[in-house]
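All chains, please: the whole structure from these sequences, using the hints.
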Amino acid sequence: MDLKASYVIMVIRKFAEHYSLSNKESYQYLKQYGGISFLDDCYEAEHTLSFDDAIEDLSRVCQNHGGGLRYA
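Heads up: the sequence shown begins at 1 in our numbering, then just goes up one per residue.
Worth double-checking, as some hints may not be accurate.
Computed cross-link-like contacts, EDC-like style, restricted to lysine to aspartate or glutamate with a CA-CA straight-line distance of at most 16 Å [to be verified]:
1) 31 - 41
2) 14 - 57
3) 31 - 2
I should point out that these hints are in silico values taken from the structure, not numbers from a laboratory.
Have a look at this one:
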(Lines of atoms letter the chains of each structure in order from A; the text may use other names.)
(Lines give C-alpha, C1' and ligand atoms only; values in the text may rest on other atoms or scores of the structure.)
Protein backbone atom coordinates (compact mmCIF):
# COMPACT_ATOMS: atom_id res chain seq x y z
CA MET A 1 0.00 0.00 0.00
CA ASP A 2 1.36 3.42 -0.87
CA LEU A 3 1.80 6.27 1.60
CA LYS A 4 -1.14 8.27 0.28
CA ALA A 5 -3.55 5.34 0.73
CA SER A 6 -2.19 4.67 4.23
CA TYR A 7 -2.65 8.32 5.14
CA VAL A 8 -6.24 8.42 3.86
CA ILE A 9 -7.10 5.26 5.82
CA MET A 10 -5.59 6.72 8.99
CA VAL A 11 -7.49 10.00 8.58
CA ILE A 12 -10.75 8.07 8.08
CA ARG A 13 -10.05 6.23 11.35
CA LYS A 14 -9.18 9.44 13.21
CA PHE A 15 -12.30 11.15 11.83
CA ALA A 16 -14.37 8.17 13.03
CA GLU A 17 -12.84 8.41 16.52
CA HIS A 18 -13.43 12.16 16.72
CA TYR A 19 -17.11 11.86 15.80
CA SER A 20 -17.77 8.49 17.50
CA LEU A 21 -18.51 6.81 14.17
CA SER A 22 -17.55 3.40 12.89
CA ASN A 23 -14.82 3.38 10.26
CA LYS A 24 -17.44 2.44 7.68
CA GLU A 25 -19.73 5.33 8.69
CA SER A 26 -16.77 7.70 8.60
CA TYR A 27 -15.79 6.58 5.11
CA GLN A 28 -19.38 6.82 3.84
CA TYR A 29 -19.83 10.32 5.27
CA LEU A 30 -16.51 11.54 3.86
CA LYS A 31 -17.25 9.99 0.48
CA GLN A 32 -20.76 11.46 0.31
CA TYR A 33 -19.75 15.00 1.28
CA GLY A 34 -16.49 15.39 -0.64
CA GLY A 35 -13.96 14.60 2.07
CA ILE A 36 -12.30 11.68 0.28
CA SER A 37 -11.91 13.72 -2.91
CA PHE A 38 -10.47 16.57 -0.85
CA LEU A 39 -7.89 14.27 0.75
CA ASP A 40 -6.95 12.89 -2.65
CA ASP A 41 -6.68 16.33 -4.27
CA CYS A 42 -4.93 18.05 -1.36
CA TYR A 43 -2.76 15.22 -0.05
CA GLU A 44 0.51 17.11 -0.57
CA ALA A 45 -0.53 19.83 1.88
CA GLU A 46 -2.79 17.86 4.22
CA HIS A 47 -0.30 15.13 5.09
CA THR A 48 2.05 17.76 6.52
CA LEU A 49 -0.58 18.83 9.08
CA SER A 50 -1.61 17.22 12.33
CA PHE A 51 -4.53 14.79 12.29
CA ASP A 52 -6.56 17.31 14.30
CA ASP A 53 -5.98 19.93 11.59
CA ALA A 54 -6.90 17.42 8.89
CA ILE A 55 -10.13 16.50 10.71
CA GLU A 56 -11.02 20.17 11.07
CA ASP A 57 -10.36 20.77 7.35
CA LEU A 58 -12.43 17.72 6.41
CA SER A 59 -15.28 18.88 8.63
CA ARG A 60 -15.35 22.24 6.87
CA VAL A 61 -15.19 20.68 3.40
CA CYS A 62 -18.02 18.30 4.23
CA GLN A 63 -20.12 21.11 5.75
CA ASN A 64 -19.65 23.08 2.52
CA HIS A 65 -21.05 20.07 0.64
CA GLY A 66 -24.08 19.58 2.89
CA GLY A 67 -22.65 17.49 5.72
CA GLY A 68 -23.98 18.11 9.21
CA LEU A 69 -21.03 17.27 11.47
CA ARG A 70 -19.35 20.27 13.12
CA TYR A 71 -15.78 20.29 14.41
CA ALA A 72 -15.60 20.85 18.14
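Quick rundown of the hints versus the structure:
1. 31 - 41: Between residue 31 and residue 41 the Cα gap is close to 13 Å, so the pair holds against 16 Å.
2. 14 - 57: holds, 13 Å
3. 31 - 2: Violated, because 20 Å separates the two Cα atoms, which is more than 16 Å.
The structure shown violates just one earlier hint, number 3.
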